[in-house]
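Protein chains in written order, with our numbering: chain P, 1 to 357; chain Z, 1 to 357; chain D, 1 to 357; chain G, 1 to 357.
Hints listed in this document are in silico derivations from the structure and should not be mistaken for laboratory results. Please note: incorrect hints may appear among the correct ones.
It does not matter which identical chain is meant; a pair holds if it fits inside one copy or across any two.
[Claimed, not checked] When the alpha-carbon atoms are kept at most 27 angstroms apart in a straight line, the in silico BS3-like pairs for lysine-lysine are as follows:
hint	residue 1	residue 2
1	K252	K97
2	K354	K141
3	K111	K207
4	K353	K145
5	K354	K149
6	K298	K252
7	K145	K298
8	K354	K145
9	K314	K111
10	K353	K58
11	K182	K262
12	K45	K145
13	K252	K171
14	K149	K262
15	K262	K207
16	K354	K111
17	K354	K52
18	K353	K207
19	K58	K252
Values in this document were obtained by computation on a predicted structure and should not be read as measured data.
There are 4 protein chains.
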Amino acid sequence: MNSFGVKFRVTTFGESHGSAIGCVIDGVPAGLEIDEEYIQSEVDKRKPGLTKFATQRKESDSVQIFSGVFEGLSTGAPITLAIFNENQKSNDYENIKSLFRPSHADFTYFKKYGIRDYRGGGRSSARETAARTAAGAIAKKLLEKFGIKVQSGVFAIGGVEAESLDFEYAKTSEIFALDRLKEEAQKAAVLNAKEAGDSVGGCIFVKISNIRAGFGEPLYNKLDGALAGAMMGINGVKAVEIGEGVNASKLKGSENNDQMDKTGFMSNHAGGILGGISTGADIDIKVHFKPTPSIFLKQRTQNEQNESVEFSLKGRHDPCIAVRGSVVANAMAALTLADMLLLNASCTMDNLKKIYG
Amino acid sequence: MNSFGVKFRVTTFGESHGSAIGCVIDGVPAGLEIDEEYIQSEVDKRKPGLTKFATQRKESDSVQIFSGVFEGLSTGAPITLAIFNENQKSNDYENIKSLFRPSHADFTYFKKYGIRDYRGGGRSSARETAARTAAGAIAKKLLEKFGIKVQSGVFAIGGVEAESLDFEYAKTSEIFALDRLKEEAQKAAVLNAKEAGDSVGGCIFVKISNIRAGFGEPLYNKLDGALAGAMMGINGVKAVEIGEGVNASKLKGSENNDQMDKTGFMSNHAGGILGGISTGADIDIKVHFKPTPSIFLKQRTQNEQNESVEFSLKGRHDPCIAVRGSVVANAMAALTLADMLLLNASCTMDNLKKIYG
Amino acid sequence: MNSFGVKFRVTTFGESHGSAIGCVIDGVPAGLEIDEEYIQSEVDKRKPGLTKFATQRKESDSVQIFSGVFEGLSTGAPITLAIFNENQKSNDYENIKSLFRPSHADFTYFKKYGIRDYRGGGRSSARETAARTAAGAIAKKLLEKFGIKVQSGVFAIGGVEAESLDFEYAKTSEIFALDRLKEEAQKAAVLNAKEAGDSVGGCIFVKISNIRAGFGEPLYNKLDGALAGAMMGINGVKAVEIGEGVNASKLKGSENNDQMDKTGFMSNHAGGILGGISTGADIDIKVHFKPTPSIFLKQRTQNEQNESVEFSLKGRHDPCIAVRGSVVANAMAALTLADMLLLNASCTMDNLKKIYG
Amino acid sequence: MNSFGVKFRVTTFGESHGSAIGCVIDGVPAGLEIDEEYIQSEVDKRKPGLTKFATQRKESDSVQIFSGVFEGLSTGAPITLAIFNENQKSNDYENIKSLFRPSHADFTYFKKYGIRDYRGGGRSSARETAARTAAGAIAKKLLEKFGIKVQSGVFAIGGVEAESLDFEYAKTSEIFALDRLKEEAQKAAVLNAKEAGDSVGGCIFVKISNIRAGFGEPLYNKLDGALAGAMMGINGVKAVEIGEGVNASKLKGSENNDQMDKTGFMSNHAGGILGGISTGADIDIKVHFKPTPSIFLKQRTQNEQNESVEFSLKGRHDPCIAVRGSVVANAMAALTLADMLLLNASCTMDNLKKIYG
């Protein structure tokens, strides 16, 4: 259950305080250029310690390739990427060793597995998302070969919403802001929360462009179902919208339908997916992250002995997980699409004839 | 890709105008009472033709059991449920044979498979959800044995939102309304749309109660990820929220965190899931359906020859798919939970010792 | 666990004395001609009651298509095939209701599931193989489109072995004999066993010809591993050999190696598979079936109350399951290959470029 | 396709001349003692360079644990084991860079993937089996907790067959010989082949004891089907027999049936499996390995340019892969059983009630 995808299949491993995290990517087609620098640059985007808007923990997050690449190309064998953990001190966790941090997974992991890995989040730590990001970099290179582009950025923080989407600008923004006119207000929302020892939620926008019609495997691996599952599976995500999203439930059919003319769709309320299959229009996804549960204010909780306790967290934490979540959501979208691209390959006799003659 | 679940695994089959639809359910534990009347009663809830709020198409939707049951009990063999289609006339579709209905899956199925099954929705028809509902009835009986309850109802239609949730009342309501004080306004929204030849969107609330902590398989089959994938995979769903949902992205950590005392959680913003694993609190899901794309107003579209055309739909359609969608979302939640219940069985040595001594 | 294959995925259902058996085939590429007569003709080959060498039970085994086919072509939707059982009387089983027939699955199913379906073999009945055969017919049609041929026949019965392989002759033989010079002796072995109230084992040869190099998915879905698993999973199979088989363990490398010249392999000890991937040479498989456990001689066994009992079976049974097993082994080989053909489609960038340009 | 198992799921990675090989084991129940020394001792059994009966290549094969273990116990998170390659020189392969070694996977990997990793076997190298062995050690510890024992040894080499099976003796034998009276002749067969620059085939016997009735998941993950697939998937295996094996095809039902009395089975021709489910009797498997294809005699082959060439291999190779294959077959049997043990956990309501009350 630590694997994602069917044909482009990523298995991640590692805990926040173990010796290494990483992933094995099975199903990468042979002959794809594997660009180590690009993988590293993608991982660096979510690296902690870069700005005041993220946790100040330092990790070099250096990616190593163990297998599956020969002379710069994928060989068809599984590709293994590993990142050794440097910052394994868990002193920060001494005072919470036996209690369950509110709105963290401490409680549920303990209830499920009967084991308490008190050194931070263990397997449930956001640290694991570095492995997703590394895998996502390979997926993006595969998609690029067929023209498909996956972009993302911060749409809203603490309710301050973008009014325009500039994905190029987002790349240069310290908080991946999509709307430069809202960036300052969004940054202020993060810093205000941080200064108060609190945190704040946010919303990420992911756009997939230049995708052909036909991707998605009905009925139980639809493109929208798979994307929603992928996004909701990211730490801290509480809602996923595609196209018109929540608003679609308030509209009339005459307002929400995407009529067509001979050149194609005249609108894109659908967000690029109909019947679980891509239409060729842009796929638009909104991913809503809750505020970081790690706050420094005094909180009440339970300990392992079932007693009520009060405590305050120490350490360094992201005041807004949505910011770095933008990189992770981008990677998960790429992984989902890469899988769909491979799965679609055998779906018609026409495709098979192209391959096997 | 027509299968759902890992251990409690449902494979559905059938098209709107084929001879039968149905499902094969693999992994039902041996020794579960299989109650035909209950299955039929669940399927009847989503049966067309019952009220003026649903399509007037008539189908008896009589469920037959082909396999897997002996003397009223599941045997461990796959259970096959079939519903023969009675209403296979596709006259209504003559005028749309070669054109793509806006916001339907006609276009995308054609682009993917190169085949045009012009007799209604074919595989993408909502008719397939009868099979999900039948399978869901068996899942619900399994869950009930362990006290787990899955309930659902209409939360909003066309923006008219419930202010209270009464799942018992919803069972008796023609539109499965959760709030009797809003029911009339919600009914009016449906009928107004219907009379205008239009349709309207809506939102369903699903609540899973009395669930123990520990269900959900991290990291790529988390309970919230799986539920979101299941819900977004239902025809017409465009957004899924869990717990605080979209609103979580606007809150501070101090507002959204669920603090605990020795008796458990003091609030439930999480909606019963942390780290992808159930907390034991109620699981609260909102599922947003777009308005039915089948409307009777004149619309523009493309035909198979890539020409712009105008047309008007004929036939009988639900003015609000969310209403019957309530039954389907309920079934999908039950199927997801049943799978998690089985998957969890082998996750600790303690569990295995209970079984194997 | 009632599904076979990854991309060409067959789920079978049904018991010997239920109302229907059948299968759902998911992943059939859209646009394949689905020939009902051919499917029926394949199923008829293993139909009981045809000759004195098989059981005298009568079943018309008429195959119905429920879904997935439109105007003679596969649509990409799951194809459902069903065969209704006509001969559901289980009188023959009255005297064995509470005892475990030696070398049948009665005992193990009871121990696993705690349920006793005493009406014949239930799910473990050879009757289920009719569904495999029907699915195999579709797989064979797919393979044929790319020139691949799957043939089979009886190699040995009771130790009487063929010395030459004539697959065309086998088609006309009542016992599917591969060597007409051995056919009479093999028939005699069957009839002698039958007259003595006994049964006899046999060996099937399956040959896959005109296959291209490159099929098979290393390392845990190798072509030989998958074929061996498929064959050993057929009722009554106790050994599987590929190429030189058992004999390879007695040879020197210099004897067993297949040297090459510029035209290709100079021998085929490998049986057409190296490193789990097809070489392009014929794939040669021997499948060894035990004698039918259903014999009419007095036998000792245990009953459900754990008592020692003596009994004699009644009813009609195949004196040699290998004969009809030839048809089943053929179908399983075809299903395995069809899956490999689809899985291979996405394994290189070159293939993907052929599809997506 | 580099993963094995459903619930106890092992994904292996790495090539003979890459930087590391290893595996990720997903589904290990939380709370199992993970004994590093035991894992290392199992891996050491198949380590090259130990005796004159194996290749003289030196590798320390030191296993590192990256994840999934905390304070000596499995946590429920994926366990990653890695072995760094020390001996990455591929000088020995200079003269075969562009030609296909007969009966190796060079040819088929090139045909499938279009990539030539000429540094030895690459992904198809037997080196990968070190990862299987490490994973198998964890599986064996799990099985031991429930009393199940997996043993193996050399049954035959070059046709010299054991007449008795002493698994304890095999542990102390340099060639894992099961019959000390045949050991010298078997050793001689290996050394004779080695001195002649040739190699020799062999047969391994695997015995699984003290297993309860009920393991195996019909119909397409039967215990015998899964074991056969696992064994045939090991490099160089050409035949698999269970119980009476090939011989069953020559017997009468009256000879092959295992009659019972109140104490259980009176014989074990079945080799411990009926209907794909364990009977409780010992599971007996014979695994036939071909002779090592790497021989030093002059051979003819094809090169990448499709020319006929003659060549002689250099380097160090096992003269009989069956010897170390004994360790690998043992591991694969353990992995198969561990998966079945977990899969079986949810198969009856009785089991679920034991867990969930």
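Comparing the hints with the structure gives:
no.: 1; hint: K252 <-> K97; in the structure: between (53 angstroms within a copy, 25 angstroms between copies)
no.: 2; hint: K354 <-> K141; in the structure: both (23 angstroms within a copy, 18 angstroms between copies)
no.: 3; hint: K111 <-> K207; in the structure: between (37 angstroms within a copy, 21 angstroms between copies)
no.: 4; hint: K353 <-> K145; in the structure: both (21 angstroms within a copy, 9 angstroms between copies)
no.: 5; hint: K354 <-> K149; in the structure: both (25 angstroms within a copy, 20 angstroms between copies)
no.: 6; hint: K298 <-> K252; in the structure: between (47 angstroms within a copy, 14 angstroms between copies)
no.: 7; hint: K145 <-> K298; in the structure: neither (51 angstroms within a copy, 41 angstroms between copies)
no.: 8; hint: K354 <-> K145; in the structure: both (18 angstroms within a copy, 13 angstroms between copies)
no.: 9; hint: K314 <-> K111; in the structure: within (24 angstroms within a copy, 55 angstroms between copies)
no.: 10; hint: K353 <-> K58; in the structure: neither (52 angstroms within a copy, 42 angstroms between copies)
no.: 11; hint: K182 <-> K262; in the structure: neither (38 angstroms within a copy, 43 angstroms between copies)
no.: 12; hint: K45 <-> K145; in the structure: within (22 angstroms within a copy, 45 angstroms between copies)
no.: 13; hint: K252 <-> K171; in the structure: between (37 angstroms within a copy, 26 angstroms between copies)
no.: 14; hint: K149 <-> K262; in the structure: within (25 angstroms within a copy, 45 angstroms between copies)
no.: 15; hint: K262 <-> K207; in the structure: within (24 angstroms within a copy, 44 angstroms between copies)
no.: 16; hint: K354 <-> K111; in the structure: between (52 angstroms within a copy, 17 angstroms between copies)
no.: 17; hint: K354 <-> K52; in the structure: neither (52 angstroms within a copy, 48 angstroms between copies)
no.: 18; hint: K353 <-> K207; in the structure: between (32 angstroms within a copy, 24 angstroms between copies)
no.: 19; hint: K58 <-> K252; in the structure: between (51 angstroms within a copy, 25 angstroms between copies)
Hint compliance for this structure: hints 7, 10, 11 and 17 are broken, all remaining hints hold.
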